[in-house]
Amino acid sequence: MSTSTKSTAYVRTEMLGEETPPITSTGIVAWVRANLLYPWYNAILTLLAILIIVLFVPPLIEFVFINGVWTAEGREQCTTIAQGGVQPDGWVGGCWAYVGAYMGQFIYGRYPSAELWRVNLVFAMFAIGLIPLLVPSLPYKRENIAFLLIIFPVAAFVLLTGGHFEYSGFLLPNFIMEPSTAKFWVDYIILTAIIVGIGVAIARGTDSNPRPIVRGILIAMGSLAVVFIVCAVNFGLEEVPTDRWGGLLVTLVIAVTGIVASLPIGIVLALGRRSNMPIVRLISVIFIEFWRGVPLITVLFMSSVMLPLFLPEGVTFDKLLRALIGVAMFSAAYMAEVIRGGLQAIPKGQYEGAMALGLGYSQMMRMIILPQALTLVIPGIVNTFIGLFKDTTLVLIIGLFDFLGMIQSSFTDPTWATPLQSMTAYLFAAAVYFCFCFSMSRYSAYMERRLDTGHR
Amino acid sequence: MALQGVSHDVGQPKVAIFNDPKIRGWVYQTVLLVAIVYFAFVGIQNMFANLAAQNIASGFGFLGRTAGFAISQTFIEYSQAESTYGWVYLVGLINTLAVAITGIFLATILGFIIGVARLSPNFVLRGVATVYVETFRNIPLLLHIFIWYFGVLRLLPHPRESADLGFLGLLNNRGWFAPLPITDDLFFLTSIAFVIGLIATFVISNWSRKRQMATGQQFPVFQTGLALIIGFPLLVFLVTGLPLTFDMPVAGGFRPSGGFTIIPEFIALLLALTSYTAAFIAEIVRAGILAINKGQTEAAHALGLRNGPTLRLVIIPQAMRVIIPPLTSQYLNLTKNSSLAVAIAYPDLVSVFGGTALNQTGQAVEILLMTMLTYLGISLLTSAFMNWYNARMALVER
Numbered sequence: 000m001s002t003s004t005k006s007t008a009y010v011r012t013e014m015l016g017e018e019t020p021p022i023t024s025t026g027i028v029a030w031v032r033a034n035l036l037y038p039w040y041n042a043i044l045t046l047l048a049i050l051i052i053v054l055f056v057p058p059l060i061e062f063v064f065i066n067g068v069w070t071a072e073g074r075e076q077c078t079t080i081a082q083g084g085v086q087p088d089g090w091v092g093g094c095w096a097y098v099g100a101y102m103g104q105f106i107y108g109r110y111p112s113a114e115l116w117r118v119n120l121v122f123a124m125f126a127i128g129l130i131p132l133l134v135p136s137l138p139y140k141r142e143n144i145a146f147l148l149i150i151f152p153v154a155a156f157v158l159l160t161g162g163h164f165e166y167s168g169f170l171l172p173n174f175i176m177e178p179s180t181a182k183f184w185v186d187y188i189i190l191t192a193i194i195v196g197i198g199v200a201i202a203r204g205t206d207s208n209p210r211p212i213v214r215g216i217l218i219a220m221g222s223l224a225v226v227f228i229v230c231a232v233n234f235g236l237e238e239v240p241t242d243r244w245g246g247l248l249v250t251l252v253i254a255v256t257g258i259v260a261s262l263p264i265g266i267v268l269a270l271g272r273r274s275n276m277p278i279v280r281l282i283s284v285i286f287i288e289f290w291r292g293v294p295l296i297t298v299l300f301m302s303s304v305m306l307p308l309f310l311p312e313g314v315t316f317d318k319l320l321r322a323l324i325g326v327a328m329f330s331a332a333y334m335a336e337v338i339r340g341g342l343q344a345i346p347k348g349q350y351e352g353a354m355a356l357g358l359g360y361s362q363m364m365r366m367i368i369l370p371q372a373l374t375l376v377i378p379g380i381v382n383t384f385i386g387l388f389k390d391t392t393l394v395l396i397i398g399l400f401d402f403l404g405m406i407q408s409s410f411t412d413p414t415w416a417t418p419l420q421s422m423t424a425y426l427f428a429a430a431v432y433f434c435f436c437f438s439m440s441r442y443s444a445y446m447e448r449r450l451d452t453g454h455r
Numbered sequence: 000m001a002l003q004g005v006s007h008d009v010g011q012p013k014v015a016i017f018n019d020p021k022i023r024g025w026v027y028q029t030v031l032l033v034a035i036v037y038f039a040f041v042g043i044q045n046m047f048a049n050l051a052a053q054n055i056a057s058g059f060g061f062l063g064r065t066a067g068f069a070i071s072q073t074f075i076e077y078s079q080a081e082s083t084y085g086w087v088y089l090v091g092l093i094n095t096l097a098v099a100i101t102g103i104f105l106a107t108i109l110g111f112i113i114g115v116a117r118l119s120p121n122f123v124l125r126g127v128a129t130v131y132v133e134t135f136r137n138i139p140l141l142l143h144i145f146i147w148y149f150g151v152l153r154l155l156p157h158p159r160e161s162a163d164l165g166f167l168g169l170l171n172n173r174g175w176f177a178p179l180p181i182t183d184d185l186f187f188l189t190s191i192a193f194v195i196g197l198i199a200t201f202v203i204s205n206w207s208r209k210r211q212m213a214t215g216q217q218f219p220v221f222q223t224g225l226a227l228i229i230g231f232p233l234l235v236f237l238v239t240g241l242p243l244t245f246d247m248p249v250a251g252g253f254r255p256s257g258g259f260t261i262i263p264e265f266i267a268l269l270l271a272l273t274s275y276t277a278a279f280i281a282e283i284v285r286a287g288i289l290a291i292n293k294g295q296t297e298a299a300h301a302l303g304l305r306n307g308p309t310l311r312l313v314i315i316p317q318a319m320r321v322i323i324p325p326l327t328s329q330y331l332n333l334t335k336n337s338s339l340a341v342a343i344a345y346p347d348l349v350s351v352f353g354g355t356a357l358n359q360t361g362q363a364v365e366i367l368l369m370t371m372l373t374y375l376g377i378s379l380l381t382s383a384f385m386n387w388y389n390a391r392m393a394l395v396e397r
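The listed protein sequences derive, respectively, from chains A and B. Numbering-wise (numbering that gives the first Met the number 0), the first sequence opens with residue 0 and increments by one. Numbering-wise (numbering that gives the first Met the number 0), the second sequence opens with residue 0 and increments by one.
By construction, these hints were calculated from the structure, which means they are not laboratory data. Hints should not be assumed to be uniformly reliable.
[Said to hold, decoys possible] Incomplete in silico selection of chain A near chain B, CB under 7 Å: (1) N34; (2) T392; (3) I396.
Please read all numbers here as calculations on a predicted model, not as lab measurements. For each residue, glycine too, the CB sits at the ideal point set by N, CA and C.
Let's have the full structure, built from the sequences with the hints guiding it.
What follows is the structure, given as structure tokens:
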């Protein structure tokens, strides 16, 4: 605006060189200041957190590694002089030799040692079936699921119990035919005929072709018969009653059976709760809310004390089976609520689209709704599994020896009885449960990220 | 044949009676109902037959009989010689509620602290909180209880060498022997002052809200309330001459005498329930705060609110909407989980009523039914209350 002759003495003509930023705003100092020390209460919180770490981590490392005893014959090596051992007074450490000595019991319970290969085979089959299923990129998922849900349970059942079951029939009164294996098969054929008859009647009544229904029933009953035959075959395996099972074996049996049983029951209950039929809905709601409203321990008490009362005289259930029924019912109710959440998240257009295509209810659910709903709630399902896995510990209260139950019962052995024995064993148990549950939760998080389509 | 039918009534297609979805639905439901009633009938019939075979009289008459066993912790009058099974039920229920309510209170505080700490920019604090959550929620609750009861509390000193906590009493492996407050005659004045303070605070906060709505002027409700609820009773307490003494426990040979005892089972159960549930509550709180859009904070700052009021007036009220439903189910879980008391013989409902009383009377059906219905009732009541509260807090959309 004005002439250029005006003095511009205060205007810098050359650029200043770059200054290094103040030491408090770059590098490690700034990072520490911003994250740990500023404002003042943050510094106190940092100190508090460091205090917590110092209070817990070094003693833990000392207990586990520095003072841990890895080889010992008995309690002497794991007790201080004052307690009758060899360690110096004030010694606090884990007695891992004791855990090692009991490892077999912790895993297999009192399963006969000559038959342990059977348990190991079951574990191996489970791992072979499960691991490829968990890796999404591997092919043959359908065959894999079939192996895990059909072949594996039957094989595991025969291997663990020993198989060679005898059947005595269930339908005809005893005065027509003596209870025997032959009577069982006669009964089975009669039952199949009755179910086929009902199927044909329904097909006739609804003016549809009876052939697919009859074929479906025959395939189902035929495969069931194969299962019965396999269970009856004498493989020469020694019978192992379930009261000799224990440890991690029982924990896994309860958890896996509960998981496998609760999923289909949960789906049926969730569909029932969203059904248009008022009685079906009411029954589903009552069932779900009842199991969700009571503690698992009362359910287990009920299955162990009350269930035998409701059975006809002479019919008895295995203790493990009773606990399994309780656990399955309990987790099915929780599963139903998780799946209901998935069903509710499916937009109405999907239902209407399926119906517009002329699909019936079961086709619509099977092919359109459930695949989407179940994928949506995989994290919730896995969370239910984690809860179920942790809840298996409760069976020790009704006298089953699961993993934690075996640990509790190992305390009665005077060979290893030391004041720190329980701490050692619990630390080990906590590590084992943590590994299982944490890996499940990590896997669920991984699936959640993988399945996240970005819109919700 | 079809052509004729169609031409006569187009609006009403003729459907075979089996193909009418309504009729089919009712057939299915009837079949289901008949099956359930049949199984229930057979089951109950079997039950009566089995009970008759075992010579057990069914019915609730046993509730009036004398129980005759001792209970280690009773908040109401209980005598081994006279009290009935009905009374045992009540004692157990109160013990359950005692541990559940204390647990809920402590777990909420701990959970909120850890949940906020998990979002802290301070990485040491965040790390400690994360490790806490991941460790505690991945270990079964029963193991928590065992660790506290058999692992930690067993390591406490014998009664002879009780740890002296000073004013807080004595701690040993038989429990915590806390001082028992004994009130003098004039103490009721302090209680009255406390109630007056509460009412006055309530009135003032209502008035100040109305005034702020009308004029925009703020009133220091918090400070006034603090003075009224704590300061005023304290003043009365001092003026009336400290009408409160403590019965301090005295260390003895077998167990300390005096004071009141908190049994180790209660402590172990409470610590386990609190630390376990707090991990879950922390995750709920974290998710609730993360669910609030960052724009809310920025908008509040742009309006000139500082950090404190932003959190208090903008973030937390919105986060609470996300937090409350899952928080309710955690409270219910804690209450139901308190039944694990039976594993360490804390005398809760399941332990004394569903355990000892059941073993003594053999009335499995009645006792388990009562126990389960009690928990069911607590669950339904809590859900009903929380639903009501949630509806009040819910977003009012226009």
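Kindly indicate which numbered hints from before are broken by the structure, ordering the numbers from low to high. Per hint list: zero violations.
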